[in-house]
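Numbering-wise, this note's numbering puts 99 at position 85 of the sequence shown, and it's gapless, one number per residue.
Hints listed in this document are in silico derivations from the structure and should not be mistaken for laboratory results.
Incorrect hints may appear among the rest.
30 Å max Cα-Cα, derived DSSO-like pairs, lysine-lysine [said to hold, decoys possible]: (1) K312 x K30; (2) K280 x K265; (3) K273 x K129; (4) K30 x K159; (5) K110 x K312; (6) K273 x K245; (7) K257 x K273; (8) K110 x K70; (9) K71 x K30; (10) K98 x K71; (11) K129 x K194; (12) K194 x K312; (13) K129 x K110; (14) K280 x K110; (15) K110 x K30; (16) K265 x K182; (17) K218 x K265; (18) K30 x K70; (19) K182 x K194; (20) K159 x K182; (21) K273 x K159; (22) K159 x K245; (23) K110 x K71; (24) K312 x K70; (25) K71 x K182; (26) K245 x K265; (27) K98 x K273.
Ranges of calculated distance between the beta carbons of each label pair, as one might list FRET restraints [stated by the list, open to error]: (28) K70 x D246: 42 to 48 Å; (29) G161 x N133: 29 to 35 Å; (30) G100 x A315: 34 to 40 Å; (31) H38 x P73: 49 to 55 Å.
Ideal Cβ positions, reconstructed from N, Cα and C, are used throughout, including at glycine.
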Amino acid sequence: MRAVGIMVHGGPEALKVINVPEVHAGPGEIRIRNRASAVNPTDIIVRNGMRAELQKKYPPPYVPGMDLAGIVDQVGEGVSTGIKVGDSVIAMVVPKSTHGAYREQIVLDQRAVVKSPENASYAEACTLPMNGLTARLSLDLLGLKPGNVLAVTGGPGAYGGYVIQLAKAEGLTVIADSSKDDELLLRSLGADILIARGENYSEKVREHFPSGVDGLADGALLNERAIDAVKDGGSFTAIRGFKGLPQRNIKYTATWVTKYDCEYEKLERLRDQTERGTLTLRVADTVLPENAAVAHSKLEAGGTRGRMVIDWGN
15 MRAVGIMVHG
25 GPEALKVINV
35 PEVHAGPGEI
45 RIRNRASAVN
55 PTDIIVRNGM
65 RAELQKKYPP
75 PYVPGMDLAG
85 IVDQVGEGVS
95 TGIKVGDSVI
105 AMVVPKSTHG
115 AYREQIVLDQ
125 RAVVKSPENA
135 SYAEACTLPM
145 NGLTARLSLD
155 LLGLKPGNVL
165 AVTGGPGAYG
175 GYVIQLAKAE
185 GLTVIADSSK
195 DDELLLRSLG
205 ADILIARGEN
215 YSEKVREHFP
225 SGVDGLADGA
235 LLNERAIDAV
245 KDGGSFTAIR
255 GFKGLPQRNI
265 KYTATWVTKY
275 DCEYEKLERL
285 RDQTERGTLT
295 LRVADTVLPE
305 NAAVAHSKLE
315 AGGTRGRMVI
325 DWGN
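Whenever a hint applies, use it, and build me the whole structure from the sequences.
Shown next, in the form of structure tokens:
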């Protein structure tokens, strides 16, 4: 069975099509014939060695990938979620050794798998699980209420876009930083106020909200450069584990999406919100497995608006 993985850490060229053993669904598990795998920034970290310490307990190859969409081809005993053979589904994967989403076939816990949005292609659908759950977790950690103000960095990205759309669905006012080229996109996602991307981020936010915003979701890794945008007693959450120094009673949290692994109800809600048009799925381009390096190269170059996707075909 084919997968895309690495034998050694390195640049995009380290990605190769490899063979991995066939797997079978056990009790409470579902096997998926993969049709599409989203390419995310976290996959680059798996590939380039930034997480080598965590990986070294397993021998290579290492298969990246946290998002997929495909067709159920085997259901283990005791599966109670209603998923059956032939269903189109989506799932988030927590990679370990060869257990990553860049493979033709994978077995997952039943609670990691929900039906695919009916209005989405496989390529579109695979962009939802991990980034959608990450956005959901960020908002849950921030704990904002309708009428509160949320600042979002990295709004044009998959995570930032979902944060904006989910926030608007919950009655929040959203302020986002933007380049000229991204203004129409961010408006379409629902951002209420746009500020120019670049230096002096916090000062620009406070021009609109002098006391600061109630919460901030940092998808652009501004980290300490964005803290001053938050009001005294506000909330700040960031991806990649950043937490700022204690100050002004700000509540810091780190958004680690693995906390929402197998949270069936949360992923099912995201699927429903996609079908109802609350969430917009965005694909930048698709590549074949043997061209996965191209997808990584484009993602690392920056400027993609939507996810690169590996198309596994039939």
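Status of the hints after comparison with the structure:
A distance of roughly 17 Å separates the Cα atoms of K312 and K30; the hinted pair therefore holds under the 30 Å criterion. For the hint pairing K280 with K265, the CA-to-CA distance comes to about 24 Å; that is within 30 Å, so the pair holds. Among the hinted pairs, K273 with K129 is consistent with the structure: their alpha-carbon atoms are about 21 Å apart, no more than 30 Å. Restraint check for K30 and K159: not satisfied, since their Cα atoms lie roughly 46 Å apart, outside the 30 Å limit.
Using a Cα cut-off of 30 Å, the hinted pair K110 and K312 holds, with the two alpha carbons roughly 25 Å apart. About 27 Å separates the Cα atoms of K273 and K245, which keeps this hinted pair within 30 Å; it holds. A C-alpha spacing of about 17 Å is found between K257 and K273, which places the hinted pair at or below 30 Å, so the restraint holds. The suggested pairing of K110 with K70 holds, with an alpha-carbon distance near 11 Å, which does not exceed 30 Å.
Proximity of K71 to K30 is assessed by CA-CA distance (about 21 Å); at most 30 Å being required, the pair is judged to hold. Taking the CA atoms of K98 and K71, the gap is near 35 Å; set against the 30 Å cutoff, the hint is violated. Distance check on the hinted pair: K129 and K194 sit about 37 Å apart at the alpha-carbon level, beyond 30 Å; violated. A C-alpha spacing of about 21 Å is found between K194 and K312, which places the hinted pair at or below 30 Å, so the restraint holds.
With a CA separation close to 24 Å, the supplied pair K129 and K110 stays within the 30 Å bound. The hinted pair formed by K280 and K110 meets the criterion: a straight-line CA distance of about 23 Å does not exceed 30 Å. For a cut-off of 30 Å, the pair hint linking K110 to K30 stands: about 17 Å separates their Cα positions. Annotation: proposed proximity of K265 to K182 holds, straight-line Cα distance about 22 Å (limit 30 Å).
The hinted pair formed by K218 and K265 meets the criterion: a straight-line CA distance of about 22 Å does not exceed 30 Å. A hinted pair counts as satisfied when its Cα atoms are at most 30 Å apart, and K30 with K70 qualifies at roughly 19 Å. For the hint linking K182 to K194, the alpha-carbon distance of about 22 Å falls within 30 Å, and the restraint holds. Distance check on the hinted pair: K159 and K182 sit about 11 Å apart at the alpha-carbon level, within 30 Å; holds.
With a CA separation close to 22 Å, the supplied pair K273 and K159 stays within the 30 Å bound. Taking the CA atoms of K159 and K245, the gap is near 15 Å; set against the 30 Å cutoff, the hint holds. Note on K110 and K71: the hinted pairing holds, with a Cα-Cα distance of about 10 Å set against a maximum of 30 Å. The straight-line distance between the Cα atoms of K312 and K70 is roughly 27 Å, inside the 30 Å bound, and the hint therefore holds.
A threshold of 30 Å between alpha carbons decides the hint, and for K71 with K182 the separation of about 42 Å lies outside it, so the pair is violated. As the CA atoms of K245 and K265 are separated by approximately 11 Å, the hinted pair is consistent with the 30 Å bound. Proposed proximity of K98 and K273 is supported: the alpha carbons are some 26 Å apart, at most 30 Å. For the hinted restraint 42 to 48 Å between K70 and D246, the CB-CB distance of approximately 43 Å keeps it satisfied.
Judged by the Cβ atoms, the range 29 to 35 Å given for G161 and N133 holds: they are separated by roughly 31 Å. Judged by the Cβ atoms, the range 34 to 40 Å given for G100 and A315 holds: they are separated by roughly 39 Å. The given range of 49 to 55 Å is broken by H38 and P73, whose C-beta atoms sit roughly 22 Å from each other.
When each numbered hint is compared with the structure, violations occur for hints 4, 10, 11, 25, 31.
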